[in-house]
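Undergrad: Listed below, chain by chain, are the residues.
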Amino acid sequence: MTATMERPTTTVHTRQKRGRLSAGPLSTRIILTAVLGLIAIYFLVPVYWLIVSATKNSTDLFGSFGLWFAHPQLLTNLGDLFSFDNHIYLRWGLNSIVYAGGGALVATALAAGAGYGLARFSFRGREAVFNTVLAGVMLPQTALALPLYLLFAQAHLANSYWAVLLPSFVSPFGVYLCRIYADAAVPPGLLEAARIDGASEFAIFRRIVLRIMSPALVTVFLFQFVGIWNNYFLPLVMLSDTKLYPITLGLTSWQGFASRQPLLYQLEVGGALVSVIPLMIMIVVLQRFWRSGLTEGSVKA
Amino acid sequence: MATGKRRRLSPGIGFLAPFCLFFLLFFIVPIGYALYQSLFRTERTGLYGELGTHQVFAGFGNYTTVFAEGAFVQSVLRVLGYAVVQVPVMIVLATVLALLLDAASARGVRFFRSAFFLPYGVPGVIASILWGFLYTPGISPLVSIGGHLGLTLDFLGPTTVLWSIANIVTWQFAGYNMLVIIAQLKAVPGDLLEASRIDGANAWQAIWHVKLPLIRPAIVLTTVFTIIGSLQLFTEPLVLQPLTANVTSTYTPNIAAYADAFSNNNYNYAAAEAVLLALIAAMLSFGFLRLVGGRRRG
Chain Z
1 MTATMERPTT
11 TVHTRQKRGR
21 LSAGPLSTRI
31 ILTAVLGLIA
41 IYFLVPVYWL
51 IVSATKNSTD
61 LFGSFGLWFA
71 HPQLLTNLGD
81 LFSFDNHIYL
91 RWGLNSIVYA
101 GGGALVATAL
111 AAGAGYGLAR
121 FSFRGREAVF
131 NTVLAGVMLP
141 QTALALPLYL
151 LFAQAHLANS
161 YWAVLLPSFV
171 SPFGVYLCRI
181 YADAAVPPGL
191 LEAARIDGAS
201 EFAIFRRIVL
211 RIMSPALVTV
221 FLFQFVGIWN
231 NYFLPLVMLS
241 DTKLYPITLG
251 LTSWQGFASR
261 QPLLYQLEVG
271 GALVSVIPLM
281 IMIVVLQRFW
291 RSGLTEGSVK
301 A
Chain B
1 MATGKRRRLS
11 PGIGFLAPFC
21 LFFLLFFIVP
31 IGYALYQSLF
41 RTERTGLYGE
51 LGTHQVFAGF
61 GNYTTVFAEG
71 AFVQSVLRVL
81 GYAVVQVPVM
91 IVLATVLALL
101 LDAASARGVR
111 FFRSAFFLPY
121 GVPGVIASIL
131 WGFLYTPGIS
141 PLVSIGGHLG
151 LTLDFLGPTT
161 VLWSIANIVT
171 WQFAGYNMLV
181 IIAQLKAVPG
191 DLLEASRIDG
201 ANAWQAIWHV
211 KLPLIRPAIV
221 LTTVFTIIGS
231 LQLFTEPLVL
241 QPLTANVTST
251 YTPNIAAYAD
261 AFSNNNYNYA
271 AAEAVLLALI
281 AAMLSFGFLR
291 LVGGRRRG
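Here the protein sequences line up with chains Z and B, keeping their order.
According to UniProt numbering, the residues represented by the first sequence are 1 to 301, in order.
According to UniProt numbering, the residues represented by the second sequence are 1 to 298, in order.
Treat the hints with caution; some may be incorrect.
[To be verified] Quick list of the computed label-pair ranges, beta carbon to beta carbon: (1) B:R44 <-> Z:L94: 15 to 23 Å; (2) Z:F82 <-> B:T45: 50 to 58 Å; (3) B:A195 <-> Z:L94: 52 to 60 Å; (4) B:V92 <-> Z:K243: 40 to 48 Å; (5) Z:S200 <-> B:P242: 26 to 34 Å; (6) B:A71 <-> Z:V137: 28 to 36 Å; (7) Z:M280 <-> B:E50: 26 to 34 Å; (8) B:T159 <-> Z:A34: 50 to 58 Å; (9) Z:F82 <-> B:L291: 25 to 33 Å.
[Unchecked claim] Chain B regions said to be covered by chain Z (calculated; three or more residues, Cβ under 8 Å): (10) 10 to 17; (11) 94 to 101.
I should point out that these hints are in silico values taken from the structure, not numbers from a laboratory.
Just so you know, even glycine gets a beta-carbon here, dropped at the ideal spot from N, CA and C.
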């Protein structure tokens with residue numbers, strides 16, 4: 001299992017060869033590709049529409065056929081988007097990066113420690129803690145967000161960066177993944193050897209364990225990053241100052257005014273396109289690690 | 001630090017403690033607080049509440065009101081009806097896509113896998129704004145193409161809007177679920193398939209008797225998460241709300257709780273709704289897990 005984790009690319013290659021063997025005659029393969037192509041249209045057309053529409057002016061957005069270009073002016077639109085309302089869009093983008101990046105970083109560190117602690121040490125109450133954390137994975141967000149708001153309001157933390165950041169530090173799913181990964185990948189013998197060499201527990205964790213667990217940590221970071229970036233309920237409940245909004249909340253706040261200020265429809269389309277780009281890049285770059293992590297999550301479920 | 005008792009404390013607890021502290025503060029305490037809040041009622045003194053408010057113990061009063069008023073129950077029934085259709089569609093689609101990609105020649109696989117997965121990178125809010133445009137007559141190419149073909153497509157009507165929401169959710173998460181299933185499919189040992197081929201199994205038999213049983217855990221996992229997701233439906237209907245009168249303020253349980261807390265300023269009532277929703281989600285997830293677990297043993 002460890003070997004699979006260290007060299008995901010080679011494994012994928014041999015496995016794909018297996019797939020090719022069972023592919024059958026040419027006609028079957030053509031039909032298969034055609035079916036896949038049709039399904040791909042369903043998934044891709046909305047994104048294509050978004051790209052085409054982001055290049056249009058407000059009149060063409062409503063007046064021209066949605067799936068083809070008309071008087072493209074992407075740069076003008078982007079200029080309008082970024083300069084509108086004192087560059088508020090840029091600020092929303094930075095807020096999203098702070099929330100998702102900061103939250104995911106701390107969440108990953110906490111989950112790594114907890115997962116390793118659960119996997120490689122035995123102590124009383126270990127399974128009880130793990131089961132409680134697992135139950136946390138299944139909790140609906142309202143059950144948390146509403147009381148969190150009340151508690152934060154009493155602590156004068158509502159409507160601040162901390163109101164969105166602090167709850168994002170907790171990733172029960174991350175602990176679950178880290179425990180399973182550490183169970184499979186961190187060799188007890190290696191830990192024993194390091195202890196005999198006189199290394200402290202924390203040094204062992206920092207120098208050896210974190211390195212071995214890095215594929216799982218990338219997975220946890222990515223999951224948490226995407227989760228926070230996409231979270232709508234928590235910031236909606238917590239924040240009233242538009243300057244603190246993440247990008248998702250900001251864009252829907254424009255929706256409310258769009259019927260009176262039609263330019264906002266155009267800004268919304270452009271803003272939606274731009275907001276999707278960082279996430280796409282991240283997913284493409286980190287997908288390789290991610291897939292190996294996903295196997296871990298599902299194998300023992 | 002170095003007393004005899006302390007030394008016997010496992011270092012594992014030290015690694016666990018930071019997470020547990022945050023988990024306690026931002027998971028356990030809020031749940032407890034929601035439970036506590038749901039048992040109280042805010043009473044206002046003075047004719048318009050101008051003399052201030054105070055909390056009165058209400059027991060299960062909020063819960064009986066939730067059931068008596070019916071709007072919340074109706075919203076739960078609506079998302080359950082939605083789940084009965086959307087969950088199987090999602091899981092079957094994700095499984096079929098995973099099996100198709102597994103069977104396809106290696107050349108196109110990478111492209112198709114990315115294409116199906118792409119929408120997962122689109123936040124729910126953005127996906128809803130995007131599909132909202134695609135549902136709105138006058139701006140939607142789908143409606144205009146339908147018009148040319150003589151079809152009047154009404155995506156935001158009283159009976160259709162729920163399925164338009166289902167479409168947004170399916171579009172976003174089918175590829176993600178597909179990836180989870182593919183990950184497990186890759187773990188199917190090659191010699192197992194080889195053996196079944198030598199035994200004379202054709203492609204369908206290999207899928208039915210070898211692949212499907214082995215990817216069961218992944219299917220169970222994605223099903224449970226999809227069920228929980230259906231109950232929590234919030235972003236998609238809320239973003240579509242300005243576009244249609246058919247998404248009410250009690251359309252889904254989450255929207256109802258949100259409206260009760262922030263529009264009607266009745267936190268206690270909203271807390272009771274949130275607790276009920278958590279209970280229903282837990283019951284359904286564990287019920288489903290037991291159902292498939294039991295069948296496996298049998």
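Undergrad: Which earlier hints can't be squared with this structure?
TA: Violated hints (numbers, rising): 1, 5, 7, 8, 9; every other hint is consistent with the structure.
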